[in-house]
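Protein chains: 2
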Amino acid sequence: MNDSEWVSEVEQSGEVGLVEFQDFVDTKPFVFESGASIPELRIRYETYGHLNASGDNAILICHALSGDHHCAGVYGLNDRKSGWWNHMVGPGKPIDTSRYYVVCSNCIGGCQGSVGPSSINPKTGRRYNLEFPALTVGDMVRAQALLMDHLGIGTLHAVIGGSMGGMQTLEWITRYPERVRNYIALATGARHTAQAIAFNDTGRQAIISDPAWNDGDYSADAGPAQGLSVARMMAHITYLSDKGMQNKFGRARRMVEKPASEHFAVEFEVESYLRYQGQSFVNRFDANTYLYFTKALDQFDLYGPDDNLEDALSVVTASGLVVGFTSDWLYPPRGNREIVEALLRLGKDATYTELAMDFGHDSFLIESQDLYSLIRNFLDHPAPS
Amino acid sequence: MNDSEWVSEVEQSGEVGLVEFQDFVDTKPFVFESGASIPELRIRYETYGHLNASGDNAILICHALSGDHHCAGVYGLNDRKSGWWNHMVGPGKPIDTSRYYVVCSNCIGGCQGSVGPSSINPKTGRRYNLEFPALTVGDMVRAQALLMDHLGIGTLHAVIGGSMGGMQTLEWITRYPERVRNYIALATGARHTAQAIAFNDTGRQAIISDPAWNDGDYSADAGPAQGLSVARMMAHITYLSDKGMQNKFGRARRMVEKPASEHFAVEFEVESYLRYQGQSFVNRFDANTYLYFTKALDQFDLYGPDDNLEDALSVVTASGLVVGFTSDWLYPPRGNREIVEALLRLGKDATYTELAMDFGHDSFLIESQDLYSLIRNFLDHPAPS
Chain A
1 MNDSEWVSEV EQSGEVGLVE FQDFVDTKPF VFESGASIPE LRIRYETYGH
51 LNASGDNAIL ICHALSGDHH CAGVYGLNDR KSGWWNHMVG PGKPIDTSRY
101 YVVCSNCIGG CQGSVGPSSI NPKTGRRYNL EFPALTVGDM VRAQALLMDH
151 LGIGTLHAVI GGSMGGMQTL EWITRYPERV RNYIALATGA RHTAQAIAFN
201 DTGRQAIISD PAWNDGDYSA DAGPAQGLSV ARMMAHITYL SDKGMQNKFG
251 RARRMVEKPA SEHFAVEFEV ESYLRYQGQS FVNRFDANTY LYFTKALDQF
301 DLYGPDDNLE DALSVVTASG LVVGFTSDWL YPPRGNREIV EALLRLGKDA
351 TYTELAMDFG HDSFLIESQD LYSLIRNFLD HPAPS
Chain B
386 MNDSEWVSEV EQSGEVGLVE FQDFVDTKPF VFESGASIPE LRIRYETYGH
436 LNASGDNAIL ICHALSGDHH CAGVYGLNDR KSGWWNHMVG PGKPIDTSRY
486 YVVCSNCIGG CQGSVGPSSI NPKTGRRYNL EFPALTVGDM VRAQALLMDH
536 LGIGTLHAVI GGSMGGMQTL EWITRYPERV RNYIALATGA RHTAQAIAFN
586 DTGRQAIISD PAWNDGDYSA DAGPAQGLSV ARMMAHITYL SDKGMQNKFG
636 RARRMVEKPA SEHFAVEFEV ESYLRYQGQS FVNRFDANTY LYFTKALDQF
686 DLYGPDDNLE DALSVVTASG LVVGFTSDWL YPPRGNREIV EALLRLGKDA
736 TYTELAMDFG HDSFLIESQD LYSLIRNFLD HPAPS
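Those sequence lines, one after another, are chains A and B.
In terms of the numbering used here, the first sequence has 225 at position 225, counting the first letter as 1, and numbering is strictly consecutive.
The number in the numbering used here is simply the position in the second sequence, starting from 1, with 385 added.
Hints listed in this document are in silico derivations from the structure and should not be mistaken for laboratory results.
Here the structure is a predicted model, which is why all the values come from computation and not from measurement.
No residue lacks a Cβ here, since even glycine has one placed at the ideal position from N, Cα and C.
Warning: the hint list may mix true and false statements.
Simulated pairs of lysine-lysine, DSSO-like, Cα-Cα distance not exceeding 30 Å [claimed, not checked]:
#: 1; chain 1: B; residue 1: Lys478; chain 2: B; residue 2: Lys633
#: 2; chain 1: B; residue 1: Lys733; chain 2: B; residue 2: Lys478
#: 3; chain 1: A; residue 1: Lys243; chain 2: A; residue 2: Lys81
#: 4; chain 1: A; residue 1: Lys123; chain 2: A; residue 2: Lys28
#: 5; chain 1: A; residue 1: Lys243; chain 2: B; residue 2: Lys628
#: 6; chain 1: B; residue 1: Lys633; chain 2: A; residue 2: Lys243
#: 7; chain 1: A; residue 1: Lys248; chain 2: B; residue 2: Lys628
#: 8; chain 1: B; residue 1: Lys478; chain 2: B; residue 2: Lys466
#: 9; chain 1: A; residue 1: Lys93; chain 2: A; residue 2: Lys248
Looking from chain B toward chain A, a few residues come up when the C-beta cut is under 10 Å (computed) [unchecked claim]:
#: 10; residue: Phe584
#: 11; residue: Asp602
#: 12; residue: Gly612
#: 13; residue: Ile622
#: 14; residue: Lys633
#: 15; residue: Arg660
#: 16; residue: Asp683
Just chain A, same shape as in the assembly (with noise of 0.2 Å):
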């Protein structure tokens, strides 16, 4: 099988196949919310699937914390790793390639190609590190719209996201109703709880205490890697569930015997699983990155110092669909209803599901049909607006 034969195949098979990423370069300033400014934007994006000549079929996937733009498809015949939603992102699948124009573009303020901390700050000719502007989801957003400019998308057919991605398709909404035909927000919030601040604290506390950190300051191949990868086998923890990790792991034992000298090295399996994700998670990820991300969402609040989250949601005028997750203890399903409780107060077009899946905040990256059938009926069927 040649090449073409092959790609061929997967398009046949559901599969976007073989995709490129592209960097759209905007050299005016970039200014953040908070005033500061970049002299340009960079953003890194893919796009599957075909705008069509009325450009109404767009819809943009906003990605979570760790994520980045490479939602579907390999960038090789041999990459075995697909894109983080391969399974919900193709031809025939419920976000439909086949149909719908669909872009996702790497975060400003991130680390996979995008304009961030770690890139270079053309006018000092090193990384930005700290002098990269503080950031909010509201930038996060204010970059793609950009991008989607660039790109002759006016309208988004919908904006989907799940956590980070969630409140990043709640502030589209709310920023830019008129751009927004539809939305889809899985296992978010409109804002934080205290235990979310708080373990994302503690995680930054993890990388600034470590020597590495040295303020912020420091080169691509001498970053906090401890302190990243304590503060990212925290993350991993609170993205499971209780239940999910017992029947996943349970107590297994990963040796049964070993030497006094190792009595703190990997015992069970759920300990080398997260040491796994923790160190693995260096290789990709920078740390001031995730000290910005982590910042940006717990000071993202749409209920807004009058605690009334019917005021920012008084100008959507897109019909959404918010999915929470029974088991998702770090965005609780709670969090989730009351954004549609309050739009639906407000007389705006809203469905909220609660889907019982028993594997915590990351159920929305889980392969699963009612997720599919909700997400396929949902874009299918727009409810009128």
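Given chain A's structure and the hints, the job is docking chain B onto it.
Relative to the frame of chain A, chain B by itself:
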């Protein structure tokens, strides 16, 4: 008011008042379950009340991971902080020191006076650090049993403990069934869940990855403070509940405005609280003890390799009360209830009660009339055995 008047007053008011700790030193080697040994045992303890002539009114209280032997009273007239369970233990209190002789000891392996990794090894004149033998909950209880021998206590009226203290309580009734007539285990389990192991291992990694840990070989004034602080911050979150944190902190801010250079400084009250918890822990706790204690807890497993809790509990003769707390997600109610279910299947005398409190795992340490009544009634009217 002179000192003796003050002491008289606090005793009449239901306080144990001024207390002193004592050290039990056994100059024979203590052999751990691992087979390794240390040349002598030292256990620091406190007692309140008086042992009666028949020696049958003694109660042993077992402390939790970060606790110690000082569970009631004060060390001086100006001591503002009383023992960790002072509201529970005293004349006329639920654990009534006018009727019972109450003993509380710092666990072997600890760092509050009992021999542990931070103690001087008499053979080398240096701290044990990781030369301290691997520790189990069984070792903790065996050392306590030697202390009971020393105090002339054959059979205990009751053993009581929460969390790690609850695991010691379960170890007592299965290892020395003939020496315990009643027991109360609070917010505990017969083994850790995968999630609890995961949190503990992440805490251990925070310590181990701190360069100051130095493979466990550090001096008293140069330990892995940053790593221990992060471990404690994370653990402290697991001791509370989402709702409890929401009620106590919500999204209240510590400072409204701050300079951009302090983008990751304390912003929310919950961050300030947790960072304080982390930093103050460093001043009173040894990092290696943290490693040894958490490992002992992770390895504790009364279900055993055959996953059969009844096997271990079949020897129990004492009457028991096990209390779970609805908001405790670290030692969930389920794991507490399973202990009593197994005991009842075996025909043992045991009661399970679940208290609805919002304080998470730490609920057993919180003032609660319901908990007071439960403990008082159980101790006063033990079921016939």
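Each hint tested on the structure:
For the hint pairing lysine 478(B) with lysine 633(B), the CA-to-CA distance comes to about 27 Å; that is within 30 Å, so the pair holds. A C-alpha spacing of about 28 Å is found between lysine 733(B) and lysine 478(B), which places the hinted pair at or below 30 Å, so the restraint holds. Using a Cα cut-off of 30 Å, the hinted pair lysine 243(A) and lysine 81(A) holds, with the two alpha carbons roughly 27 Å apart. Taking the CA atoms of lysine 123(A) and lysine 28(A), the gap is near 14 Å; set against the 30 Å cutoff, the hint holds.
In summary, the hint linking lysine 243(A) to lysine 628(B) is supported, as the alpha carbons are separated by about 20 Å, within the 30 Å threshold. Between the alpha carbons of lysine 633(B) and lysine 243(A) the distance comes to roughly 27 Å, so the proposed pair stays at or under 30 Å and holds. This hinted pair checks out: lysine 248(A) and lysine 628(B) have alpha carbons roughly 27 Å apart, not beyond 30 Å. Using a Cα cut-off of 30 Å, the hinted pair lysine 478(B) and lysine 466(B) holds, with the two alpha carbons roughly 18 Å apart.
Between lysine 93(A) and lysine 248(A) the alpha-carbon distance is near 27 Å, which keeps this suggested pair within the 30 Å criterion. A cut of 10 Å between beta carbons decides the hint on phenylalanine 584(B): the least distance to chain A is about 6 Å, and the hint holds. Checking aspartate 602(B) against chain A: minimum C-beta separation of about 12 Å lies over 10 Å; hint violated. With its C-beta approaching chain A no nearer than about 8 Å, glycine 612(B) sits inside the 10 Å limit, and its interface hint holds.
Hint status for isoleucine 622(B): holds, given a least beta-carbon distance of 5 Å to chain A, under 10 Å. Against a cut-off of 10 Å between C-beta atoms, the interface hint on lysine 633(B) holds, since the closest Cβ of chain A lies about 8 Å away. Because the smallest distance between the Cβ of arginine 660(B) and any Cβ of chain A comes to about 7 Å, under 10 Å, the interface hint for this residue holds. Using the Cβ-Cβ criterion of 10 Å, the hint placing aspartate 683(B) at the interface with chain A is satisfied: the shortest such distance is roughly 7 Å.
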